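Visitor: Chain by chain, the residues:
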Amino acid sequence: MRIIYVIVKLITLPGAMLHAFFEHMACRICKVLVDDARTVRADEMLSHTEHELVKRRGASFDICFIPFLFNLFFGLTFLSSGAVAVLYLGSYKNAILWFLLYMGIALLTNLFPQIEDVLMVKENIYNEKTKTVIKVIAAPFYAIFYVGAQLERFGLTLLTSIGFAFAYPYILGLFIPRIYDFFISR
Amino acid sequence: MADENKTPENEASVHDEMEELARIFREELGKAKEEAEKAENEANAEAATDIDALDSGYEVEGYAVTSGEKTNTEPEEMCECCGERPRGTDRDPNSPFCKECAAIMEKYPYDLKGILMLIAVIGALILSLVTFIQITPVFTNVYRGNADYNDKKLYSSLAHYSEAESYIIDNEISLDFKNLRRNEILLFYEFGADEWVEKNFGNPAILCALTLIEKTYGTENIRDKKVAEIFNAITETRANILMLGSYEEEIENDSDYEKLIAKFESLIGKKIYISDVNNMDSTTVFDEMNETLKPSGKETVITYDEGWIRFYQYVLAESQKKTEDMALYLEKASAVSTGYEEYSDLFFARFCLDNKNYSQAETVIKRMGENNSESVVYHALLSKLYRQRDKNYSAAKEVCLTGLEKSAASYKSYDLVAFAGSYLSIEKSLNFIMLKDYESAYSSAEEAVSYQNDFYGSTGPYARDLLAILALATNNTEKYDELAKTVAASVEENGKEYDFSSYVYDYKDNKISLEEIVSSGYFDML
Chain A
0 MRIIYVIVKL ITLPGAMLHA FFEHMACRIC KVLVDDARTV RADEMLSHTE
50 HELVKRRGAS FDICFIPFLF NLFFGLTFLS SGAVAVLYLG SYKNAILWFL
100 LYMGIALLTN LFPQIEDVLM VKENIYNEKT KTVIKVIAAP FYAIFYVGAQ
150 LERFGLTLLT SIGFAFAYPY ILGLFIPRIY DFFISR
Chain B
0 MADENKTPEN EASVHDEMEE LARIFREELG KAKEEAEKAE NEANAEAATD
50 IDALDSGYEV EGYAVTSGEK TNTEPEEMCE CCGERPRGTD RDPNSPFCKE
100 CAAIMEKYPY DLKGILMLIA VIGALILSLV TFIQITPVFT NVYRGNADYN
150 DKKLYSSLAH YSEAESYIID NEISLDFKNL RRNEILLFYE FGADEWVEKN
200 FGNPAILCAL TLIEKTYGTE NIRDKKVAEI FNAITETRAN ILMLGSYEEE
250 IENDSDYEKL IAKFESLIGK KIYISDVNNM DSTTVFDEMN ETLKPSGKET
300 VITYDEGWIR FYQYVLAESQ KKTEDMALYL EKASAVSTGY EEYSDLFFAR
350 FCLDNKNYSQ AETVIKRMGE NNSESVVYHA LLSKLYRQRD KNYSAAKEVC
400 LTGLEKSAAS YKSYDLVAFA GSYLSIEKSL NFIMLKDYES AYSSAEEAVS
450 YQNDFYGSTG PYARDLLAIL ALATNNTEKY DELAKTVAAS VEENGKEYDF
500 SSYVYDYKDN KISLEEIVSS GYFDML
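Protein chains in written order, with numbering that gives the first Met the number 0: chain A, 0 to 185; chain B, 0 to 525.
Next up, chain A with everything else stripped away, as it sits in the complex:
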């Protein structure tokens, strides 16, 4: 499984490197001590940053959430042009559009934190000291992180992001035409 994991990470290297970079950035923002911040490495820490165990609630959540958010935003932006042009409209002959599609998939494959970080979030949030409201608000995020991290361990996020790339134009179709009409009418 580790080999598959590393192979998937290497296939989606730009996404992995950016995730590691954003995780490092999150560590610096949250003043979390970093052991090793190499963005390219051939082991299970590829796409992640080695840092100390975070015992602060906010910091442990941010370290999972900030790289997720950035990779998601970048990935969706790339897919907006790549998936729409290549997969939906069928512009198969343009290499740049294929590149944008690849970047989108690479970034979405590396959305999730490593499982240890997710478990730290659980430990820090789901305890007696935390208010119920916070627990409820954090629940969907924790669920997404947990499922995503588990999928990522087996390299399955590559498949899910490819599947998402096919579905994404249809999701965009639900609101982009309305936004387009709004701007045209102005």
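Fair warning: there could be bad hints in the mix.
Here are the simulated lysine-lysine pairs, DSS-like style, with alpha carbons at most 25 Å apart [unchecked claim]:
{"no.": "1", "chain 1": "B", "residue 1": "Lys297", "chain 2": "A", "residue 2": "Lys30"}
{"no.": "2", "chain 1": "A", "residue 1": "Lys54", "chain 2": "B", "residue 2": "Lys106"}
{"no.": "3", "chain 1": "A", "residue 1": "Lys92", "chain 2": "B", "residue 2": "Lys177"}
{"no.": "4", "chain 1": "B", "residue 1": "Lys293", "chain 2": "B", "residue 2": "Lys262"}
{"no.": "5", "chain 1": "B", "residue 1": "Lys98", "chain 2": "A", "residue 2": "Lys30"}
{"no.": "6", "chain 1": "A", "residue 1": "Lys92", "chain 2": "B", "residue 2": "Lys225"}
{"no.": "7", "chain 1": "A", "residue 1": "Lys92", "chain 2": "B", "residue 2": "Lys224"}
{"no.": "8", "chain 1": "B", "residue 1": "Lys214", "chain 2": "A", "residue 2": "Lys92"}
{"no.": "9", "chain 1": "B", "residue 1": "Lys258", "chain 2": "B", "residue 2": "Lys331"}
{"no.": "10", "chain 1": "A", "residue 1": "Lys54", "chain 2": "B", "residue 2": "Lys98"}
{"no.": "11", "chain 1": "B", "residue 1": "Lys355", "chain 2": "B", "residue 2": "Lys365"}
{"no.": "12", "chain 1": "B", "residue 1": "Lys112", "chain 2": "A", "residue 2": "Lys30"}
{"no.": "13", "chain 1": "B", "residue 1": "Lys224", "chain 2": "B", "residue 2": "Lys177"}
{"no.": "14", "chain 1": "B", "residue 1": "Lys297", "chain 2": "B", "residue 2": "Lys224"}
{"no.": "15", "chain 1": "B", "residue 1": "Lys112", "chain 2": "B", "residue 2": "Lys177"}
{"no.": "16", "chain 1": "B", "residue 1": "Lys320", "chain 2": "B", "residue 2": "Lys262"}
Bear in mind the hints are in silico, worked out from the structure with no lab data behind them. Computed from a prediction, not measured in an experiment: that's the story for all the values here.
Fit chain B to the known structure of chain A by using the hints.
Guide: Frame of chain A; chain B shown alone:
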């Protein structure tokens, strides 16, 4: 030998050597003692310093001080990073790192490769956004076109695809939108179904589909399964029409009816050979009964389509006014038609309406509506059904208005729809006549003329004659005179067949009423 060397001189020299060695040993021993003493003194001095330090409150590895007594404990852990300073920071006393290392690790420098990747990705992100903004109008129109296509709103779908194509051309977008072309092919293919009847080889929609197939996929080894199916279906239909069309002369010449019917019957299952799919004519398309042309083995081989054979049997029955047979063959054509149900349905519905078989007509018309809810043919036939069967002219008029409204968007993009739209305007005008609203009827007739002029540059005889009659009905003599003048000029130039129909003159001479004209069916477009 030993005894020979034992001389007094030798003994003396050995003695001297031994003495020298003893002296060196004593000197070295003295030095070693001095060093040992010195080291012991230093150790004692250091121990004294440590004890002083402990007394002043510091912890030292391996020792703890309680009430001035020295007790041996577990050794204290040093910083995991430097190994020199004790662990713990202000924020986290249990940190495995010392303050100095923690400060460095908090600001661990970013990896250069990561920074470079981020810069590259931001550049690509801008490119992605620009591309997306550029293709958004295409995406919007194609998405809506696809949704309309799935909802069987073929005219709206066509209008959206056309808008996307216009945008691509106007903005000189060089991308190949293969899926857009594919969807257009599917649409034109379905669209062309009810048009085969009038222009077999010149069918505009089918020609559009064929051109797009050739341009996008080529004509050989088409990989897309659906497009390949369509191309084959069009090729087979064209070959069938070409082969069966060769009997049209015999049909027109009132040949032996039974013999010709049997001849058509015998064609079912027979092979047709196509030697060049890109250039289909009587030299490249022939059947297995052909005596001059023989297959070489390289031809595309198909069989006669039973649906088309039944249709030609219907045409033959119609030419000989055999009503029962007409119904029989139309029903059979409808039952076996492969992908061209609309084509048979149009004839079938018209036939049923003409023969007052309204329940059958309603079934067929509704089926047409399911295939394309925006079809002008469907709306025109439904209006005719309401007008003839129910005498419900208001409902019939509303159907026309709905049909015109639904198909309006595609008038801009596809002129054949506009022409069909003129049929609906005429049908609407007939309903207004029956409602005795002649002003509205006149407006509708003008609308029909306008459609035809806008897209064909000329007016068809039916729209022109209806307008002339309604100009008389509404006392618009100026308009009637204008039309009469144009017609007179046309007759002078082209002959008497360009004159008004007898209904115009009869109405002018008060020989026939407007209601009688409508009931005659002369102005029924479908």
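Visitor: Taking 25 Å as the top limit, are the C-alpha atoms of lysine 54 of chain A and lysine 106 of chain B close enough?
Guide: This hinted pair holds, its Cα atoms lying about 19 Å apart.
Visitor: Starting from lysine 54 of chain A, check that the Cα of lysine 98 of chain B is at most 25 Å away, please.
Guide: holds, 18 Å
Visitor: CA of lysine 92 of chain A to CA of lysine 225 of chain B, is that 25 Å or under?
Guide: Between lysine 92 of chain A and lysine 225 of chain B the Cα gap is close to 21 Å, so the pair holds against 25 Å.
Visitor: Holds or violated: lysine 112 of chain B with lysine 30 of chain A, Cα cutoff 25 Å?
Guide: holds, 22 Å
Visitor: Is the Cα-Cα distance between lysine 92 of chain A and lysine 177 of chain B 25 Å or less?
Guide: holds, 10 Å
Visitor: For a C-alpha distance cap of 25 Å, please report whether lysine 293 of chain B and lysine 262 of chain B respect it.
Guide: Between lysine 293 of chain B and lysine 262 of chain B the Cα gap is close to 21 Å, so the pair holds against 25 Å.
Visitor: Take the C-alpha atoms of lysine 297 of chain B and lysine 224 of chain B, compute the straight-line distance between them, and say whether it is at most 25 Å.
Guide: holds, 22 Å
Visitor: Would the pair lysine 224 of chain B and lysine 177 of chain B pass a check requiring their Cα atoms to be no farther apart than 25 Å?
Guide: This hinted pair holds, its Cα atoms lying about 14 Å apart.
Visitor: Are the Cα atoms of lysine 214 of chain B and lysine 92 of chain A separated by 25 Å or less?
Guide: Between lysine 214 of chain B and lysine 92 of chain A the Cα gap is close to 15 Å, so the pair holds against 25 Å.
Visitor: Just to be careful, I want the Cα atoms of lysine 112 of chain B and lysine 177 of chain B compared with a cutoff of 25 Å; is the pair within it?
Guide: The given pair, whose Cα atoms are some 38 Å apart, is violated under the 25 Å limit.
Visitor: Would the hint linking lysine 258 of chain B and lysine 331 of chain B be met if the CA-CA limit is 25 Å?
Guide: holds, 19 Å
Visitor: Given the hinted pair lysine 92 of chain A and lysine 224 of chain B, is their alpha-carbon gap at most 25 Å?
Guide: holds, 20 Å
Checked against the numbered hints given earlier, this structure breaks hints 1 and 15; the rest are met.
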